[in-house]
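Participant: This is what each chain is made of:
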Amino acid sequence: MSKSTFYTSVGYKILMALSGLFLMLFLAQHLTINLLSVISAEAFNEASHFMGTNPLVQFLLQPVLMFAVVFHFVMGFVLELKNRNARTTDYAFKNPSTSSSWMSRNMIISGITVLAFLALHFIDFWIPEINTKYIVGDMSGLMADGSFRYFHELQHEFQSLPRVIAYVLAFGFLSLHLLHGFKSSFQSVGLTNGKKRVTLHKFGNVFAIAVPLGFVFIALFHFLTQSH
Amino acid sequence: MGNLNSGVPNGDLKNKWTNYKDSIDLVNPANKRNIDVIVVGTGLAGGSASATLAELGYNVKTFCYQDSPRRAHSIAAQGGINAAKNYQGDGDSTYRLFYDTVKGGDYRSREANVYRLAEVSTNIIDQCVAQGVPFARDYGGLLDNRSFGGVLVSRTFYAKGQTGQQLLLGAYSAMNRQIARGKIKMYNRHEMLDVVIVDGKARGIIARNLTTGEIERHSAHAVVLASGGYGNVYFLSTNAMGSNVTAAWKAHKKGAYFANPCYTQIHPTCIPRSGEYQSKLTLMSESLRNDGRIWVPKNKKDVESLRNGSLKATDIVEEDRDYYLERRYPAFGNLVPRDVASRAAKERCDAGFGVNQTGEAVFLDFSSAIMRYGKEQALLKGLDENDTSLVKNLGQEIVKSKYGNLFQMYEKIVDENPYETPMMIYPAVHYTMGGIWVDYNLMTSVPGLYAIGEANFSDHGANRLGASALMQGLADGYFVLPYTIGDYLSDDIRTGPISTELKEFEEAESKVKEQLNSLVNNNGKHSVDYYHKKLGKIMWDECGMARTEEGLKKAMEDIKNLRDDFWKNVNVPGGLDEMNKELEKAGRVADFLELGELFAKDALERNESCGGHFREEFATPEGEAKRNDKDYTYVSAWEYKGEPSKAVLHKEELVFDNIEVKERSYK
Amino acid sequence: MNLKLKIWRQKDANDKGSMVDYEIQNVSEHMSFLEMLDVLNEELIDKGIEPIAFDHDCREGICGMCSLYINGEAHGPDRRVTTCQLHMRKFKDGDTIYIEPFRANAFPVVKDLVVDRSAFDRIQHAGGYISVNTSGNTQDANAIPIPKDNADLAFDAATCIGCGACVASCKNSSAMLYVSAKVSQFALLPQGQVEAKDRVLNMVNKMDEEGFGNCTNTGACEVQCPKGISLDNISRMNREFLSANITKG
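These protein sequences, in sequence, are chains A, B and C.
Mapping of the first sequence onto the working numbering: residues 1 to 228, in sequence order.
Mapping of the second sequence onto the working numbering: residues 1001 to 1667, in sequence order.
Mapping of the third sequence onto the working numbering: residues 2001 to 2249, in sequence order.
Isolated chain A, as found in the complex (with noise of 0.2 Å):
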């Protein structure tokens, strides 16, 4: 790829596209390996040790996440500042509702509430991970019992009323974003035409609402399942 041709309006939104599809990707990964905490505290521990020690998934994918997820907030932002730029002078009367879904006009919204979200999530989960890994060095996944502490560790979350109504709010949030971004970067790329963007936009909407839902439901299972 050229430099100069593809680093146009085009293109960045071909690469908002491409990041949110990895996004996306990495959503329904997350949501199938937490689905399975509710299936069994074994499994869950199972797979949550690979993910965490993988080489393959800390040292490549991992930071083509961490990549992907800046990239898509910061180029979201200053797609939108110069969006915002494009119509300095504003209309007096507006009625966008009669056009388009309040979904797809605040993506910025929906954006910065997921935003936070992984702000906390980051405090909840990430940063104590990446602690006792790379800066305790205890790679061993284990507690002092000698049990994988995974699950544990998950169950101890959703323990707080308020930080599971965040969680719930958050992941609302993020339907919100999926019911627009899911078929809108299948657009962006250019995948879709006449009937199969309909069949698309079907099954976009069951994901945007499903893998929200999902969190959502383990959140509060988990919160549910543990006495007070």
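Possibly wrong hints are sitting among the right ones.
To be verified - Capping the alpha-carbon separation at 27 Å, the derived lysine-lysine pairs in DSSO-like fashion look like this:
hint	chain 1	residue 1	chain 2	residue 2
1	C	LYS2092	A	LYS94
2	B	LYS1667	B	LYS1651
3	B	LYS1537	B	LYS1298
4	B	LYS1585	C	LYS2047
5	C	LYS2047	B	LYS1537
6	A	LYS202	C	LYS2047
7	C	LYS2047	A	LYS94
8	C	LYS2016	A	LYS94
Since the hints were derived computationally from the structure, they do not count as laboratory data.
Please build the complex by placing chains B and C on the supplied structure of chain A, with the hints as guidance.
Facilitator: Chains B and C only, in chain A's frame:
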């Protein structure tokens, strides 16, 4: 009143154009770079001419009053474009297209021009397809054709009901390529207000920048007018609101003869008017007459009931309907030429059979076509052809695919569903066959001043056939003018740039400024539209579908009085040095007020009925037009002499060597 | 019916401009929206007030000259129509109607409701054509059969009238629908294939240069487009853009 020389080359009709092209002077490519050409107007003629002249290497400056060349009114042409391709194998040929055009024009056009037009018509289709114009195609991937009024073959190429749009965008894209190369300098939102004549040759124009109000001088070695027709002299017409005669009229006042101004085409299938506020009339493609049947009730009683709303069109049984075109013209039926169809509608409405409240509407009914197509589809699909509602649905689908956008347009305007109830239509002013007189080279009587497309008078005689306007515009612009103008410009290779400091430019500019000044400083009491509407009413009443000696004399006087009143009492708000839409309109109406008078004078002089000119005194007992070939087989070219009424007539005798002049019969 | 109108007035490009209130009585439901404005203008002229400038020409929905953002929608509340085809029967007695120019930095206001859309022309100059000379010696029109489906799709894309409603109704002032319609028309035809790659790259570049925003696929353009140009065209253009970059890069 000498005989005008049209400069038609000698020789056999079939070889005239080829031989002529072989013998005219050419300009070598290096010299073309030193020659400037101004083109006014960016419709099919102006757009295609600009693009082609620039391709050839001339420096082209193109002007349009719209905000983009793509908006010229050619864009509104719906039905199609004729070409003698004979893809359908139904017996079409160059000669037949030539024959149909001359006959359709009621033997008032110049043979050699029409033959050339028919000859290059096939190139147009090749050219447009190469440009990416998406013409309709059949399932084999080849181009589709349909038939049109006044002919017996299918030679019309089309792109749904938007053929004009697609062809114009083709010409626009060809222009864009040259604009990008710097060979066309485009002046959008500019209006030509005068042509500048230096040493007897057209050497430039004065234009107003419509955004800033600035008056600009532009020079060139030749000036091409492609500014369209003057149908808006009627106020209500199917023309765009901005369509005007100003460029052509200013040229006329500077010496270009104006030919046959009275030949006006009244298009039969327009949406009837609904009220005083009406600003324009909307045309629906004549192609509708392929499948629609035109009728009014047989009985006055039913007419009354229709008007007071107690009866619906669909309630009137077959026996009580008068399909008057099929009755009067069994051979062509609903596909008679436009002038015949329009007059027949007027005849029925004048006799009191108009079907709406204004009494000025007839029905255009698709129910038989829907059922016919439906049956065909049912058979093709192996469904029950006796199931009426199924057949109706299938038929509606076909009609929708053919005319969907027209039906939608009708429904939006009238708020009635034409799939269920017949459309109402009435004739409206649509096209003006008259225009600036040009010779075989498309040059006007002023050397170096050319007129192409609807702006000239040349190819359609007294009546234009459907789908021929697009053909003529593109033929002139792509294939005729680029050759003939070279013959003239070959003398200009050593002239060098024309200075805009010449006194002729100065004089023309100060005249233009003077007129604009007097308009904005008039502080009168009536708006521009007030005068335009009054003029329109005089024109429609006295110079419309039927004209009389008495009425025309009255029109000449009324228009003159109205013009005097206009200059005394018109109110043009706003200033000179800004965008001022009222000032633009005022200048155009001022010119219409002069043209209108010449129009009436021309109609008065022509003591016969032919094509778009119908004099009540000259009709057969059945009410058909009666031509007078002995005394009027000529083009009336008028020379300006200070007042429209004082215009001097020059005649160009028309000679028909290759076609037998007959009474035009569509029975 | 009687209506209250709030209309953007701006003397020229440098003026700040503001919404001004007007009232109009006895509006017929059969009037077109622009005829209503004609009547208002006649009244203003009689009162010695400068009439409202607005662009319009063919008044039959095909030239693309009329614009107007009416009650928060490009070309008003009706679908598949331009402002000149919008009829007053879409409004009710006593309604207040906001009338604003199409807004985008790429479409600066010239006066009142008139905007400068020449950016659209400049995008076409960058590649909206097939490079063929008018020699009259091109091959026969039927020499290359084109599948009817492709011909129809190309036609559908080509029906764009260049009015700018897509830009006006896009929250990002993006011109993607407009540009993609032209790119698609030519990409679908064999004649257009030859230059397809350069075309898409050049036109997209020019579009950015003119200051239009980025497409975020909200779909508002398709809904508000008077000609119903499909979002499929944007998708096709994205595809063309990707493939052009891969093969040319």
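Participant: If you test the structure against every hint from before, which numbers come out violated?
Facilitator: 2, 3, 6 and 7
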